[in-house]
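Protein sequences, first through last, are from chains A and B.
The numbers in the numbering used here rise by one with no breaks, and the one at position 11 of the first sequence is 11.
The numbers in the numbering used here rise by one with no breaks, and the one at position 179 of the second sequence is 179.
Hints are computed from structural coordinates only; laboratory data are not their basis.
The reader is advised that the hints may include incorrect statements.
[Said to hold, decoys possible] Far from chain A, by Cβ distances over 12 Å, these chain B residues were calculated: (1) ALA40; (2) PHE54; (3) ALA139.
[Said to hold, decoys possible] The calculated lysine to aspartate or glutamate pairs, modelled on DMTMM-like cross-linking and capped at a C-alpha distance of 25 Å, are: (4) A:LYS23 - A:GLU66; (5) B:LYS234 - A:GLU26; (6) B:LYS234 - A:GLU58; (7) A:LYS23 - B:ASP228; (8) A:LYS22 - B:GLU236; (9) B:LYS32 - A:GLU66; (10) A:LYS19 - A:GLU58; (11) A:LYS19 - B:ASP186; (12) B:LYS32 - A:ASP31; (13) A:LYS19 - A:GLU72; (14) B:LYS232 - A:GLU61; (15) A:LYS23 - A:ASP7; (16) B:LYS32 - A:GLU61; (17) B:LYS234 - A:GLU28; (18) B:LYS32 - A:GLU58; (19) B:LYS234 - A:ASP31; (20) B:LYS234 - A:GLU66; (21) B:LYS32 - A:ASP68; (22) B:LYS32 - A:ASP64; (23) B:LYS232 - A:GLU58.
[Said to hold, decoys possible] A few chain A positions that, by computed beta-carbon distances, are all more than 12 Å from chain B: (24) LYS23; (25) GLU26; (26) GLU28.
Model, not experiment: these values are computed from the prediction.
Idealized CB from N, CA, C, for every residue including glycine.
The primary structure of each chain is shown beneath.
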Amino acid sequence: MKEVVLDCLGEACPVPLVKAQKKIAELEIGDLLIVQIDHSCAMKNLPEWARTDGHNVEVEETGDGEWDVIIEKTK
Amino acid sequence: MGDEKNITASAPETAGSSIRRSSRTTVRKPKKDQILPGIAILMLIIVSGAGLSFISKQLAFFWITGNLFGFILQRARFCFTASMRDPYLTGGTSLTKAVLTAFAITTLGFAAIKYGAFISGAPIPGQSFIVPVSLATAAGGILFGIGMVIAGGCASGTLMRVGEGFGMQMLSLVFFVAGSLWAAHDFGWWQLNVIMKSKAVFLPDVFGWVGAVTIQLLIIAFLWIAADKWGKRKAEQSH
Numbered sequence: 001m002k003e004v005v006l007d008c009l010g011e012a013c014p015v016p017l018v019k020a021q022k023k024i025a026e027l028e029i030g031d032l033l034i035v036q037i038d039h040s041c042a043m044k045n046l047p048e049w050a051r052t053d054g055h056n057v058e059v060e061e062t063g064d065g066e067w068d069v070i071i072e073k074t075k
Numbered sequence: 001m002g003d004e005k006n007i008t009a010s011a012p013e014t015a016g017s018s019i020r021r022s023s024r025t026t027v028r029k030p031k032k033d034q035i036l037p038g039i040a041i042l043m044l045i046i047v048s049g050a051g052l053s054f055i056s057k058q059l060a061f062f063w064i065t066g067n068l069f070g071f072i073l074q075r076a077r078f079c080f081t082a083s084m085r086d087p088y089l090t091g092g093t094s095l096t097k098a099v100l101t102a103f104a105i106t107t108l109g110f111a112a113i114k115y116g117a118f119i120s121g122a123p124i125p126g127q128s129f130i131v132p133v134s135l136a137t138a139a140g141g142i143l144f145g146i147g148m149v150i151a152g153g154c155a156s157g158t159l160m161r162v163g164e165g166f167g168m169q170m171l172s173l174v175f176f177v178a179g180s181l182w183a184a185h186d187f188g189w190w191q192l193n194v195i196m197k198s199k200a201v202f203l204p205d206v207f208g209w210v211g212a213v214t215i216q217l218l219i220i221a222f223l224w225i226a227a228d229k230w231g232k233r234k235a236e237q238s239h
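Build out the structure end to end from the sequences listed, making use of the hints.
Here it is, written out as structure tokens:
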């Protein structure tokens, strides 16, 4: 099981989402992708996409207006 | 106790951890207490509003509605850009449906205000905003759409995120203002040579008041159902 951190701090929507979509395709099932974001819009569409795609998702607020979106690839 | 807490905290920002991470990538930064600055800013908003009401009642009203609009926009993570972009990018249509619902509510509200003025014989407010519709509208919409997706927000979204302290969009705002000034500078020419060549349509003149509201609501309902179907289909495809 691998853990990949994707630094998207300072990137506006939809860049974090597109980067996450590309990255998750490279990962194996069971790997974790941790996307660091500070754009409030990505806070909404990133988890929404990952959930509809069927992955396990968690959002953790790491600071004021900064979040880690943790995606576990399930398929 | 700890487990119970995890179950009750169902909001996405505070959800308990069920995914096991081997390492924490960032040390949790100490949270600044924002309550005092918050109260100070709220006071400042109220005092400014009261001050503005001495100059003009309308100005104070705009100040209050502007602040409320910004607050709702930020808390709801509402984004007009995402509502148009996400159906294609992620297949998510929840914001699209939210925007359409807002359109439906404002349709009723505007119709009520305008009809109220119409039956009492007063001049109908806001009629100067009825402008000609033509291919220029569509061309402008496409240009605006490209711009807002690249900039990461439309007008309200950019302003809201500048308020949140998102640095990149302060840059967007500078060029937003620059672009708007340039457009305002050239607007006279476009108005005279392109826009005025087509007709302005006020729906109640064509379909009557009931007809106009019904038709507009039906179109919105149709788009809402289409957005809902699109979202469900996209979700099925990815499974």
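Is LYS234 (chain B) close enough to GLU66 (chain A), meaning Cα to Cα at most 25 Å? Distance of about 29 Å is beyond 25 Å: violated.
Could you grab the alpha-carbon distance between LYS23 (chain A) and GLU66 (chain A) and see if it respects the 25 Å cut-off? holds (20 Å)
Quickly compare the C-alpha distance for LYS32 (chain B) and GLU61 (chain A) to 25 Å and report which way the hint goes. This hinted pair holds, its Cα atoms lying about 13 Å apart.
Would the least Cβ to Cβ distance between GLU26 (chain A) and chain B come out above 12 Å? holds (17 Å)
Is the straight-line distance between the alpha-carbon of LYS234 (chain B) and that of GLU28 (chain A) 25 Å or less? holds (23 Å)
Hint consistency between LYS234 (chain B) and GLU26 (chain A) [alpha-carbon to alpha-carbon, up to 25 Å]: The hint holds at about 21 Å.
Verify the proposed pairing of LYS32 (chain B) with ASP64 (chain A), using a straight-line Cα cut of 25 Å. Holds, because 8 Å separates the two Cα atoms, which is no more than 25 Å.
Taking the minimum C-beta separation from ALA139 (chain B) to chain A, is that value above 12 Å? holds (23 Å)
Taking only the CA atoms, is the gap from LYS19 (chain A) to GLU72 (chain A) under or equal to 25 Å? holds (16 Å)
Against the 25 Å threshold, does the CA-CA distance of LYS234 (chain B) and GLU58 (chain A) hold or violate the hint? Given pair LYS234 (chain B), GLU58 (chain A) holds - Cα atoms ~22 Å apart, limit 25 Å.
Do the alpha carbons of LYS232 (chain B) and GLU58 (chain A) lie within 25 Å of each other, as the hint requires? Holds: LYS232 (chain B) and GLU58 (chain A) sit about 22 Å apart, inside 25 Å.
Run the distance test for LYS232 (chain B) versus GLU61 (chain A): straight-line Cα separation, threshold 25 Å. violated (29 Å)
Hint violations for this structure: numbers 7, 11, 12, 14, 20, all remaining hints satisfied.
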